[in-house]
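Colleague: Given the sequences, and given the hints that come with them, work out the whole structure.
Next come the chains, spelled out residue by residue.
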Amino acid sequence: MIVLFGLVLGVLLGLFLDVRIPDAYSLYVAVAILAAFDSVLGAWKAHLQKTYDSWVFITGFFGNTIIASLLTFLGEKLGIPMYLAAVIFFGGRLFQNFATIRRSLLAHKIKGEHHEEV
Amino acid sequence: MKRFSQGMMFLAALVVGLGISLTMSQIPRGKNTEPTDQSYAVLLENRNTLRKDIYQLTHEIDYLTEKKEAYELVMEDEDGLYEKMYKELLRNGRFLGYEEVRGPGLQLKLQDGPAKEGEVPGSMDSWLRIIHNEDMLKLLNELRIHGAEAIEINGQRVTETSEIFCSWAFISINGEKLPAPFTIKVVGDLSRLSAYGVADFTQIKNLLSRGILVEVEKRPIMTLEASIAPLTPLFAEENQR
Numbered sequence: 479m480i481v482l483f484g485l486v487l488g489v490l491l492g493l494f495l496d497v498r499i500p501d502a503y504s505l506y507v508a509v510a511i512l513a514a515f516d517s518v519l520g521a522w523k524a525h526l527q528k529t530y531d532s533w534v535f536i537t538g539f540f541g542n543t544i545i546a547s548l549l550t551f552l553g554e555k556l557g558i559p560m561y562l563a564a565v566i567f568f569g570g571r572l573f574q575n576f577a578t579i580r581r582s583l584l585a586h587k588i589k590g591e592h593h594e595e596v
Numbered sequence: 235m236k237r238f239s240q241g242m243m244f245l246a247a248l249v250v251g252l253g254i255s256l257t258m259s260q261i262p263r264g265k266n267t268e269p270t271d272q273s274y275a276v277l278l279e280n281r282n283t284l285r286k287d288i289y290q291l292t293h294e295i296d297y298l299t300e301k302k303e304a305y306e307l308v309m310e311d312e313d314g315l316y317e318k319m320y321k322e323l324l325r326n327g328r329f330l331g332y333e334e335v336r337g338p339g340l341q342l343k344l345q346d347g348p349a350k351e352g353e354v355p356g357s358m359d360s361w362l363r364i365i366h367n368e369d370m371l372k373l374l375n376e377l378r379i380h381g382a383e384a385i386e387i388n389g390q391r392v393t394e395t396s397e398i399f400c401s402w403a404f405i406s407i408n409g410e411k412l413p414a415p416f417t418i419k420v421v422g423d424l425s426r427l428s429a430y431g432v433a434d435f436t437q438i439k440n441l442l443s444r445g446i447l448v449e450v451e452k453r454p455i456m457t458l459e460a461s462i463a464p465l466t467p468l469f470a471e472e473n474q475r
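Chains A and B, in that order, are what the protein sequence lines are.
Here my numbering = 1-based position in the first sequence + 478.
Here my numbering = 1-based position in the second sequence + 234.
These are calculated hints, taken from the structure and not from any lab test.
There could be a bad hint or two in this list.
To be verified - Not close to chain B: a few residues of chain A, all C-beta gaps over 12 Å, as computed:
id : residue
1  : G570
2  : F573
3  : A577
As the list claims (entries may be wrong) - From the structure, some residues in chain A lie toward chain B, with a derived Cβ separation under 8 Å:
id : residue
4  : A508
5  : Y530
6  : S532
7  : A563
To be verified - Computed far set for chain A versus chain B, every beta-carbon distance over 10 Å:
id : residue
8  : R498
9  : W522
10 : L548
11 : L552
12 : M560
13 : R571
14 : Q574
15 : F576
16 : S582
17 : L583
18 : L584
19 : A585
20 : H586
21 : K589
Yeah, the Cβ is synthetic: ideal placement off N, Cα and C, and Gly gets one too.
Modeller: Here it is as structure tokens:
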């Protein structure tokens with residue numbers, strides 16, 4: 479739940495903050511957000527499966543974001559939409575993670591097992 | 235540790251939420267900005283065209299900047315040329331009598347000699363003690379030989395177009411009738427002029443021997459006034475060949 483709370487709070491903050499991302503960087507930011515979101519869902523999934531490691535999360539969060547942005551940059555330079563690779567990969571994994579989280583949460587609910595609220 | 239991991243995930247989710255919100259706020263409302271495959275290809279082509287244009291314009295800027303710098307360089311040279319020409323004009327003006335001249339030289343004062351007792355007007359004695367235009371011409375000629383660069387007689391600059399003409403009791407220079415005594419200012423090589431001032435068998439000595447009063451004075455610096463209006467030749471033309 480803390481992840482959802484953080485997301486909602488972030489969205490609300492973004493709506494009230496008068497910050498403008500330059501148009502030239504909007505694609506980079508979008509791809510970076512996708513990568514970061516994937517990392518967050520991955521961390522949530524790991525937490526539910528009790529395999530969470532902060533260092534894995536931190537390195538994944540920043541590493542994926544940077545690589546996704548670099549792919550986008552490289553694609554811009556080469557004239558090939560290489561950011562699509564990041565979109566497909568992180569998008570697909572995002573759904574997988576979400577599915578795992580969903581199943582995990584449902585299993586906990588149905589079985590009535592105790593799990594730590596995140 | 236649990237709190238730390240929760241904090242980390244909260245922060246990461248906050249950042250993601252913030253990013254989503256900020257990115258979404260960039261998209262104009264009520265307008266489908268998601269490109270289709272076709273429009274994406276068109277947009278990509280447009281972008282590549284724009285990049286090409288930017289590349290060409292950058293080169294054009296470089297070329298024009300170089301051209302501008304070259305013009306500026308030429309302009310600087312032209313400024314120098316203009317300065318040189320202006321200085322040459324001033325120099326010519328000074329030596330043509332259009333502008334005043336400063337420098338070292340001699341100042342000579344010439345005055346008709348006193349009449350002798352019982353002198354008959356129009357006699358040889360009378361003729362000898364009076365300064366004539368020929369005397370002045372000879373004197374100026376000798377001064378020029380001995381280093382004179384600019385000469386002035388009673389405020390009138392003597393140049394190559396100046397006449398020295400006898401006009402009854404006056405000498406006419408540049409159309410001006412000048413009475414005696416004559417003050418001749420000579421700017422030039424002071425050492426040569428000084429030597430000339432004391433040398434024997436000169437026009438000065440000749441005038442002195444005739445009873446004409448001549449004073450020679452060395453001047454380390456003096457000014458000769460401009461007295462001639464710029465010439466406008468009516469008949470003489472520059473040879474264009």
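Colleague: Against each hint, give a clear statement of whether it holds in the structure.
Modeller: Checked hints:
no.: 1; hint: G570; verdict: holds, 18 Å
no.: 2; hint: F573; verdict: holds, 16 Å
no.: 3; hint: A577; verdict: holds, 19 Å
no.: 4; hint: A508; verdict: holds, 5 Å
no.: 5; hint: Y530; verdict: holds, 6 Å
no.: 6; hint: S532; verdict: holds, 6 Å
no.: 7; hint: A563; verdict: violated, 16 Å
no.: 8; hint: R498; verdict: violated, 7 Å
no.: 9; hint: W522; verdict: violated, 7 Å
no.: 10; hint: L548; verdict: holds, 17 Å
no.: 11; hint: L552; verdict: holds, 15 Å
no.: 12; hint: M560; verdict: holds, 13 Å
no.: 13; hint: R571; verdict: holds, 15 Å
no.: 14; hint: Q574; verdict: holds, 17 Å
no.: 15; hint: F576; verdict: holds, 14 Å
no.: 16; hint: S582; verdict: holds, 15 Å
no.: 17; hint: L583; verdict: holds, 15 Å
no.: 18; hint: L584; verdict: holds, 20 Å
no.: 19; hint: A585; verdict: holds, 20 Å
no.: 20; hint: H586; verdict: holds, 17 Å
no.: 21; hint: K589; verdict: holds, 22 Å
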